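Spelled out from the first residue to the last, the chains are:
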Amino acid sequence: EAGVAQSPRYKIIEKRQSVAFWCNPISGHATLYWYQQILGQGPKLLIQFQNNGVVDDSQLPKDRFSAERLKGVDSTLKIQPAKLEDSAVYLCASRVRTEGAEQYFGPGTRLTVT
Amino acid sequence: AQSVAQPEDQVNVAEGNPLTVKCTYSVSGNPYLFWYVQYPNRGLQFLLKYITGDNLVKGSYGFEAEFNKSQTSFHLKKPSALVSDSALYFCAVRDIAGYALNFGKGTSLLVTP
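Which chain is which? The protein sequence lines are A and B, in order.
Heads up: the first sequence at position 46 corresponds to 46 in our numbering, and the numbers run straight through without jumps.
In short: position in the second sequence from 1, add 1000, done, that's our numbering.
For each label pair, taking beta carbons as the anchor points, the in silico distance ranges come out as:
(1) A:Gly-28 / B:Lys-1058: 22 to 28 Å
(2) B:Asn-1017 / A:Gly-53: 45 to 51 Å
(3) A:Asp-56 / B:Val-1083: 35 to 41 Å
(4) B:Glu-1064 / A:Glu-14: 46 to 52 Å
No lab work stands behind these hints, which were simulated from the structure alone.
As the structure is a prediction and not an experimental result, all values here were calculated from the model.
Cβ coordinates follow ideal geometry from the N, Cα and C atoms, glycine included.
Could you build the full structure based on these sequences and the hints that come with them?
Encoded structure:
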């Protein structure tokens, strides 16, 4: 079974530029998450999708971050404009809809904002 | 609000010795508890979870964890550590009414030969 795919793996941009990350979840996983992991910290939820609908985006900085999951499969996370404090690893995870099911994580995208 | 605490930034163990990585949690209601491991430049890998049932949960790579409701703890254990177990370990909690996971800050495990 293929795992969660993410691209790119690494990205370096200057502040005020825009960037987009892509995620392809495990086939059949209805629930998809985007997390931000700052160095030395645990992952923090940014947004959760159930199929193509948003379940929770309460911690997403909506003035600069946006995310979509068209057709309930792939998802993109965009930052525009980026700030220095956005430097982090962005992790995508997915799981089946079964109560208590674990999440499976992709390898992440390491973003450096200079 | 739900949260987890991992009181140790780093745990050092000699190969072959038992290891314990500590985790305590705070939730309203019954928790779902998870342990994940992260190797350098890799995503998080699921190790084990407690949903309900037996307090002792067995997971991948010989790891196990004990759910203790009275002490609100979910410590990760392994009887005999391997050098390859060296990695970053995260505890996470989700209350039954919630959706996503709240992660601890992580504990770095170093197993020396």
